[in-house]
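Just so you know, the protein sequences line up as chains A and B, in that order. Be aware that the first sequence starts at 1, since it is given in the UniProt record's numbering, and climbs by one per residue. Be aware that the second sequence starts at 1, since it is given in the UniProt record's numbering, and climbs by one per residue.
Hints in this document: simulated from the structure, not taken from any laboratory. Hints should not be assumed to be uniformly reliable.
Any copy, or any two copies together, can satisfy a pair, since identical chains are not distinguished.
Said to hold, decoys possible - Within a straight-line C-alpha distance of at most 25 Å, the following computed BS3-like cross-link-like pairs (lysine-lysine) qualify:
hint, residue 1, residue 2
1, Lys8, Lys28
2, Lys300, Lys28
3, Lys180, Lys258
4, Lys266, Lys180
5, Lys248, Lys258
6, Lys107, Lys8
7, Lys266, Lys107
Protein chains: 2
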Amino acid sequence: MSQHSTQKIAIIGSGTIGLSFAALHLTKNANCHMSIYDTRPDLEDYIAATLPSYLPPESADALTARLTLSSSLQDAVSNATIIQEQGPEALAFKQQIWPQIEAFAPKDALFWTSTSGIPASQQGAQMQDQSRLMVVHPFNPPHIMPLLEIVPSPQTRPEAVERTVQYWRSLGRSPVVIQKECMGFVANRLAFALLREACSLVANGVISVSDLDEAVTASMGPRWAVAGPFKSYHAGGGEGGLASFMDKIGWTIGECWKASEADVEKAGVSVGGAWQEDVCRQADEAYGVVDTRERDEKTKRVLDALGRG
Amino acid sequence: MSQHSTQKIAIIGSGTIGLSFAALHLTKNANCHMSIYDTRPDLEDYIAATLPSYLPPESADALTARLTLSSSLQDAVSNATIIQEQGPEALAFKQQIWPQIEAFAPKDALFWTSTSGIPASQQGAQMQDQSRLMVVHPFNPPHIMPLLEIVPSPQTRPEAVERTVQYWRSLGRSPVVIQKECMGFVANRLAFALLREACSLVANGVISVSDLDEAVTASMGPRWAVAGPFKSYHAGGGEGGLASFMDKIGWTIGECWKASEADVEKAGVSVGGAWQEDVCRQADEAYGVVDTRERDEKTKRVLDALGRG
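I would like the entire structure built from these sequences, with the hints used as guidance.
Rendered as structure tokens:
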């Protein structure tokens, strides 16, 4: 709570992720002050036009009163306790901005990058001291979805990770610490593994794109909103838990894994393969342009029903 | 609606799946009559003791008034319009019971099997006419989860599939037709593909069992309760849809797929491998014995929030 009341947060980069994070801090952390740094010349007009749509309408004015905008990196970070970067997804950009931030920021400020793929150990290669830099990767959009993947580098101090976890917990979010820097972190690795199987099943003529989506929203979606895959299968094993589940269902799981490998091979499901065109066409025909506002509204209702809103 | 009002449903086998389906029909189909067939000698006491826990407490008495119990297969099915089988998961059992059911049942009754793995084409091999037999595979427990995977055999008539789909839609459920008999059907294939990746990430020391579950319930669980994977990534591509998403993120997806294959290989993630013991131990330590009643209650809240309860 003491952290909660004293944070000064600098948001570096005002794209959709930056704005979503800004809205999250402002909405959930009643005492934070915030600066947004961006070099775009129309920053003030742009923020006035876009940020309110991420905020609860009734409190948008009060929340934005705690916000300052800056085109000076030094001004934005010089008093910050947390600096959260979501600039271009390019190693060169990250490697040159962190030493600048390090030079301007207070000595105990936390450094977070929203990257989905460039590890902190690479981003901080030019810094004097990488020990407070880590990845804080959201599941988009972060003002709706609770997950934050915290990925320290081997140089990140445990104390900095702990402060980061505590901050997000104090906001009611779900920080999860990833123990090793690895390709895609965890959420995307899991989701892309299922996506590959989904593409393979469609490419092999087992099911249509829209029926596959219907199957997921009617089964593992709501199940995994309540209990993750391990807990679900642990429950499926009764008193013997996951070990018992693997004893009973293991043969079927093994056959499914073999069939998956064979089917991925058969349909050639690698990125850019011939299968891709038909899958994308089916998605276009089924969905046109998706109304993400309706999706986010429904997601809030789900999370509220679980006390995680 | 006319179907809805006239169904006589025979449930073959009174295990947990049979009871859950019985409760689903009784609760959602106000005019159905039901018989439950089982050879267990204590059938009446057993049903009186177990079925009410699947039913809304306030209406359990009224609902069970529409139920008859039978230890005679002929009595149970001779007037039925739908015969739903969830006996032992053994080919020999299935192959011998369907010809008997066929001999006793009305000529236009639908034949459904709840199997998770034995295709209708094999189950019906001894029947005179396999054209109204199909798999109707639930996502457990069916009185809570909306999905029904409808898997016809090549011999199943489209008209029988259509009547099946209409029946489930009239009960507000989510029937999805699988176009080919295939190992695991669709829901398990998708869930097991994600499970394999989950096991691999834990086995490779990237994350713990409980943190992985937390990551899923805070991200793709609620997301996929609202929109399936294709619709989600189609939305992620903006106006260009899934094709645009694959253009922008395809490289990362491809690298994740490669990393997945390498990591599965590295940790030897096949069923029964050395990795399994530690994963099962972590699940035991994190969860003990899971309270499925609480899980089902939360799942109902999620589905209610989405208008799918």
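Practice item. Up to 25 Å between alpha-carbons, please classify Lys107 paired with Lys8: within, between, both or neither. Key: within (14 Å within a copy, 74 Å between copies)
Exercise for review: Could you place Lys248 and Lys258 in one of the four classes (within, between, both, neither) given a Cα distance threshold of 25 Å?
Suggested key: within (18 Å within a copy, 30 Å between copies)
**Study point:** Alpha-carbon proximity between Lys8 and Lys28, which holds within one copy, between copies, both or neither at 25 Å
**Key:** Close inside one copy (14 Å), not across copies (54 Å); limit 25 Å.
Practice item. Go through the copies and call it for Lys266 and Lys107: within, between, both or neither, with a Cα cutoff of 25 Å. Key: Neither way: Lys266 and Lys107 sit 56 Å apart in one copy and 41 Å across, limit 25 Å.
Practice item. Up to 25 Å between alpha-carbons, please classify Lys266 paired with Lys180: within, between, both or neither. Key: Intra 33 Å, inter 15 Å, cutoff 25 Å: inter-copy only.
Exercise for review: Since the copies are identical, ignore which copy is meant and state whether Lys180 and Lys258 lie within 25 Å (CA to CA) inside a copy, between copies, both or neither.
Suggested key: between (28 Å within a copy, 17 Å between copies)
Check your understanding: For Lys300 vs Lys28, is the C-alpha pair at or below 25 Å within one copy, between two copies, both, or neither?
Key -> within (14 Å within a copy, 27 Å between copies)
When held up to the earlier numbered hints, the structure conflicts with hint 7 and nothing else.
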